[in-house]
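Got chain B sorted already, so can you dock chain C onto it with the hints?
Residue strings, one per chain:
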Amino acid sequence: MQNTLFFINYKALQSILILIFVFAPVNSFGHSSNDHAEEEVNVYSGRKGKLIEPMLKKFENKTGIKVNLITAKSDALIKRMESEGESSPADLFVTVDVGRLDRAKRMGLLQKINSFSIVNKLPQNYIDKDREWVGISKRIRTVVISKKMKDKNNLKNFEDLSKDQWAGRICVRSSNNIYNQSLVASLIANHGEKKAEVFVKKLVKNFARKPSGNDRAQIAAIAKGECDIAIVNHYYYILMLNSKESEKKKAANETEIIFLNQDNRGAHVNISGVGIPKHAKNYENAKLLISYMLDSESQEWYAKTNNEYPVIKDAKVSQLLNSWGSIKLDESTLNKLGDLNPNAVKLMDRVGWQ
Amino acid sequence: MVPFIFLASSIFFPFNDNWIHIVDNVLFDYFLNSLTLAFGVGFLTFLIGTSTAWLTSVFDFPFRKIISWLLLMPLAMPAYIIAITYVGIIDTVNFLPDIRNLFGAILMISLVLYPYVYILARGAFLEQSKELYESSQILGATQLQIFFNVSIPMARPAIILGVTLAAMEALADFGTVEFLGVSTFTTGIFRTWLGMNDTVTATQMATLFLSIVFIFVFIEQQSRKRVRYAENIKTQSKLNYKILSKKNNILIIVICFLPITFGFIIPFMQLLYWSIFISNENWDSGFFNIVSDTLFLSFMAAVIITFISILVTYVKRFNPNSITNKFMQIITLGYAIPGPVVAIAVLVPFATIDNYINHVLISKFNFSIGLIFSGSFFILIFAYCIRFLTVSSRTISSGLDAVSLATDDAAKSLGANIKIILSRIHFPLLKTSLLTSFLLVFIDVMKELPLTSILRPFNFNTLSVKAFELASDEKIADASNAAVMIVLAGIIPVIIITKNILGKRNKV
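Those protein sequences? They're chains B and C, same order as listed.
The first sequence begins at 1 in my numbering and counts up by one.
The second sequence begins at 1 in my numbering and counts up by one.
Next comes chain B alone, as it looks inside the complex (with noise of 0.2 Å):
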């Protein structure tokens, strides 16, 4: 038995060598930050590899500074970076949530971005006031409604919601979405919490069926006739419409988009950011990446793809975004959104949002 026992610790013990032997070297070939003959820049992105890699790839043809991409949700992102510390490999973090952007910041994870051509190619609105974080895209949460709905005239603001006229006929995804939680958020920031709570709740009664699935799926939803509501982000819409899919097309075809709060605070608007790590060591290929991720080519290059607004002025959008004309966001609440996105959750969990 003794002998046994020997065999088998030694080899476990060999096995562990092994592992760590043939591991760890492979590791700097993961990420090489001790590489100094080569410029680079490592990202840690919450926006999808489909969403930024082409930009990416132009800008290493542009520049020659290599980029090292890791995608995966915001969130898991911001606790890599916390737990690794000084040690991070991460040059810029970017992501598709303000609150996201704003809770790094407040975790301590992000510094300034020092640079005047940054700064001044954005409206005041999009960049944080400590500079900390700047938008590079913009999406307008709103609501999709079916064509046929006749009272369609008594929908101006996201607060008409909670009128008893629209009793089950509102679709939504799960409160576990980050575009409910800010867009709740947004509410608390304009109203306070009681009243948000207050017509909350209404919102909630007027639900046609339990929170499932994803934005497209609401917009499905209106042409099965399950609902005339569905709450949604503007650009999931036009990718329904664009769809090679017919029915989902059809779908599209039979509702119609509006824009709320356009004679007051305007629509909820969230954006996608970017800002750099406290511990960057590539800051300054940081600032060249972020600066080119502004230029007009880039923007317009987010308008085509995923059809978002550009955040710098004089960048051209898609035509149908073009049809819609100028839309009345409400940007002033945006950096309070990350902030109070814990108060929107608690709040949706006490008035049963699923």
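Note that these hints are calculated values from the structure, not bench results.
Every residue gets a Cβ at the ideal spot worked out from N, C-alpha and C, and that includes glycine.
You may find that some hints are simply not true.
To be verified - Where chain C lies over chain B, by a calculated footprint (3+ residues, C-beta under 8 Å):
no. : segment
1   : 62-70
2   : 332-345
Said to hold, decoys possible - Pairwise CB distance ranges, derived in the manner of DEER restraints:
no. : chain 1 : residue 1 : chain 2 : residue 2 : range
3   : B       : Lys-328   : C       : Thr-92    : 49 to 57 Å
4   : C       : Asn-282   : B       : Leu-122   : 28 to 36 Å
5   : B       : Asn-242   : C       : Met-269   : 55 to 63 Å
6   : C       : Asp-24    : B       : Lys-148   : 37 to 45 Å
7   : C       : Asn-282   : B       : Lys-250   : 21 to 29 Å
8   : B       : Asp-339   : C       : Phe-218   : 50 to 58 Å
9   : B       : Asp-339   : C       : Asp-24    : 16 to 24 Å
10  : C       : Ile-330   : B       : Lys-129   : 30 to 38 Å
11  : B       : Asp-314   : C       : Phe-287   : 44 to 52 Å
12  : B       : Lys-148   : C       : Phe-148   : 51 to 59 Å
Same frame as chain B, now just chain C:
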């Protein structure tokens, strides 16, 4: 072990307002839904897995061979993909019932997890002896009586293992339940972590959740202890297939084709349709890089995890009361821990070590080597170990348990040393379990999402990550290329399983 201590240490932090909020508002729902999900999936996978396994191992009917490997195909289908696919179908076809509820989640998850039960139960049924079966017949038992009173009890450890694995995986699932709008413990943990930005409460929830799972697993193990399963009459004459009437043949084929159709053919056809006609993604070199990365990673992980499982299993066999063994029992709970929780539990301790090493180096030699473990393949595979060691070690140990200790003693008395026992006796007998373990881990890693996404090195991508990114961006049609590839790559190991394990009887 470190990650578990890390998780458990969370209970020493004071409970904050968020904890109270959760207990007041949502904890009961989470608990109830998770419990229903686990039992629902356990029951349904038992029903589908055991019945199809028995039919294909006792009766002979046309297309039996092809059906017996087609039954494994759903294993290659990630659960969230099948859910998205079905919702896509239901959205366009009006008369189908809605699956966006708890029942739908149970159905979707069971459709892709029943092969666990099927593969393990079938292995056990095929091992059952002819004598036993014939004695039962002589004593006047009908086929069904034999099934319920002899076959199932004899195969109990294997079946329970399959059902437990399926239930644990269902508990850890996030993508599917979230998409179908069901709030479970897992979605609650994320909501607390991501939505409320409260890692402490999230880990406390995870710890509570794991304690509950542990109690169930413990009860199951205790109930099994009372019975010894090493079959003494392991006769070498295997059962012959029974031949049935035409009518019964058709019935069996229909029964077996139900899970194949719903778990594989329908969703795969839909994915193929999307991939060929709708997808904007190209099958370019970038895509094939991802394919080779995925295969490489899955292969490495499967080899390493199987190897570690062998060690673990042997420690248990030769030294069942050692502390290592007790620890290992806890670690094999990993299968029920949601991926992102494992990710944090691995990330934080290793990053701390990395930073410590760098501090020492900088203060002593003024030199930094950057991160050693974080962002490496090592940490990724380490995390896979925690998550998938359960599948692997339990598969292997169920194989090893069938080799009675008396065999070892007999060999020893004949002068064989431990090396000879391992290489000449155990290895040949364990080949099946080792292969099963390797292939299950291979497929699991290939489908794995959150760990890979969070812990991977720069510029390293897998099919599963790619598919999920596109799908979560509501471009399911574009995601179909990667999903089809996952399934196709999964078919290869499935065929190997069939040839080596399930085909055994064919030689007789």
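The hints, checked one at a time:
{"no.": "1", "hint": "62-70", "result": "holds (count 3)"}
{"no.": "2", "hint": "332-345", "result": "holds (count 4)"}
{"no.": "3", "hint": "B:Lys-328 x C:Thr-92: 49 to 57 Å", "result": "violated (36 Å)"}
{"no.": "4", "hint": "C:Asn-282 x B:Leu-122: 28 to 36 Å", "result": "holds (34 Å)"}
{"no.": "5", "hint": "B:Asn-242 x C:Met-269: 55 to 63 Å", "result": "violated (24 Å)"}
{"no.": "6", "hint": "C:Asp-24 x B:Lys-148: 37 to 45 Å", "result": "holds (42 Å)"}
{"no.": "7", "hint": "C:Asn-282 x B:Lys-250: 21 to 29 Å", "result": "holds (27 Å)"}
{"no.": "8", "hint": "B:Asp-339 x C:Phe-218: 50 to 58 Å", "result": "violated (43 Å)"}
{"no.": "9", "hint": "B:Asp-339 x C:Asp-24: 16 to 24 Å", "result": "holds (23 Å)"}
{"no.": "10", "hint": "C:Ile-330 x B:Lys-129: 30 to 38 Å", "result": "violated (48 Å)"}
{"no.": "11", "hint": "B:Asp-314 x C:Phe-287: 44 to 52 Å", "result": "violated (36 Å)"}
{"no.": "12", "hint": "B:Lys-148 x C:Phe-148: 51 to 59 Å", "result": "holds (57 Å)"}
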